[in-house]
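A.B. asks: Modelling step: build the complete structure from the supplied sequences, incorporating the hints.
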Amino acid sequence: VPLRSSLGAAVNLAVASVPEGLPFLVNAAQLAAARRLAEHGAMVRNPRTIEALGRVDVLCFDKTGTLTEGRLSVNMVDDGERAVRATELAAPQRAVLAAAVRATPRAERLEDLPHHTDRAIVEGARRADVAPSTGASGWQKAESMPFEPSRGYHATVGRSGKRTILSVKGAPEVILPRATRYRHNGSEEAIDAKARKRLERRVERLAKSGHRVLAVAEREVSTVDASDEAVAELSLLGFVGLADPVRDSAAPATAALRDAGVQTVMITGDHPATGEAVADEVNGGDGETTVITGAEIDDLDDAGLERVLPEVDVIARCSPAQKVRIIQAYQRLGRVVAMTGDGANDAPAIRLADVGIALGRRGTPAARAAADLVVTDDRLETIIAALVEGRAMWASVREALGILLGGNLGEIAFTVLGAILTGRSPLGARQLLLMNLLTDLAPALAIALSRPDREATPELLHEGPSASLGKALNRDIAIRAGTTTLGATTAWTLARLTGRSRRASTVALAALVGTQLGQTLIAGGRDRTVLLAGLGSAALLAGVIQTPGVSQFFGCTPLGPIGWSIALGSAGAASLAGLAFGQRAPD
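Each residue of the sequence shown is one higher than the last, beginning at 5 in this note's numbering.
What the hints contain is simulated information worked out from the structure, not anything from laboratory work. A portion of the hints provided could be inaccurate.
Taking CB as the label site, the calculated pair distances span [claimed, not checked]: (1) Ala259 x Arg434: 48 to 58 Å; (2) Ala197 x Ala373: 29 to 39 Å; (3) Gly559 x Gly474: 32 to 42 Å.
Since the model is a prediction, treat every value here as computed from it, not as a measurement. For each residue, glycine too, the CB sits at the ideal point set by N, CA and C.
C.D. replies: Structure representation (structure tokens):
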């Protein structure tokens, strides 16, 4: 074979080996997924977040508003002796609720109150017609200490006639140690060890029924100054149980995540028993919920925390600083963490996570600014939709890579095979460039941009880089390469037996493009974009081949019915054979 022909074959192989559409695939797939997430109510601040979403294997989320409906309401009031529903309050329970209102910030509208618990207390008091006043003299607020996670309570100092009263509501484990008296049988008694255990059991009982529990206490003070030192020697009035119904969709959503290998960790500021009760309800009551508290985390060193976290389901009474430490521990374990939050104190943990998710409806500007993804409706289903899009993107990329790389390997195999048999490449460089233009750009990009099947959410959660790449990608590339080689070789051989070499080269070009477009249409299913890209490329090829002058420029010749029948028949038979083999091949 002359050197000129050998160099021409080498150039043809170089052209065939270049997947021209490859640089665009991932970016295009990320942008398409970001656009679809916006339809779900999830705003992506950076398209590269989609890639990280596909690798998430730990999801840390808040209970309120995510697993639950986010509608806290006063459901039970316990005066330390008897717990009754909010619709059946007697005088002792009304006194507890009135004190809770006094220990709540004042606002003209419920929406102006900073915390859901405060809104629930005020709304519950209004429904029960309970006023904060302590008598005919009324109630006038003078000073307050706002709630902070590190403090664990909200305290207010106010005047009622000549009395100055400090009212406190907060976490029972914070208030009870500061209380020295409680009301028992209509009178105040000292809290001894026995009484303290009895009160703790009442808190536990309320929490295990799924309530967020607040302890309410008061004392008379001599000044209106509110300070942490003044919150001592309190008289415990009772407890308020707040209910927040669990979403109906929470259980199947978390089950789908666990089945896909994503560890779900509920992080809450509630009592451990409350978190456990909600988790049991979501997990179907299997009784295997593992709960730890922020205090227990503080007692563990880094190595101990790393041993515990893989088995944890609920982290209760967790502070923002502890959330940061939790994320760092997961990352040291090699896990990819998504973290949800809504407060300014959550911003460091959101920023540190591999995927930071802010709850847009009740999130602060600081949380939204730190997040990679803003969920506008605060629902767990929207977060899962984001994970599905992230993992489905890898499935789309795998399909597109399989088309690009498998098709190019098939072209190389056909070119090498033809050169071995005849000493020359069956296709010229211009023909190979035309083929790559028709098969590498629009069809492969259409696959990358295709919308995942919404009904296949559990299956799509099993996608991701580890599942979609590696063996799965290698299998797709091998099947597509073999299919492409089979279709082109069959058409070229039949055309050489029935006509000249130029006609055989044109038939082989049509079969190569047809085989790759056939596989693309099979992979795209009924996706309109893939269908339009495939049919458009096929029409453009037919136009090039059948147009005199243009056909000669690309080294082709117009084909008759027999030539097209050979090309399309070979392409169709090879595509169907590849589909059948792919369905039987193990993953």
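A.B. asks: Hints first: check each against the structure and report whether it holds.
C.D. replies: Results of checking the hints against the structure:
A C-beta distance of roughly 56 Å is found between Ala259 and Arg434, which places it inside the suggested range of 48 to 58 Å. The supplied range of 29 to 39 Å is broken by Ala197 and Ala373, whose beta-carbon atoms lie about 49 Å from each other. Between Gly559 and Gly474, the C-beta spacing of about 39 Å keeps the proposed range 32 to 42 Å intact.
When held up to the earlier numbered hints, the structure conflicts with hint 2 and nothing else.
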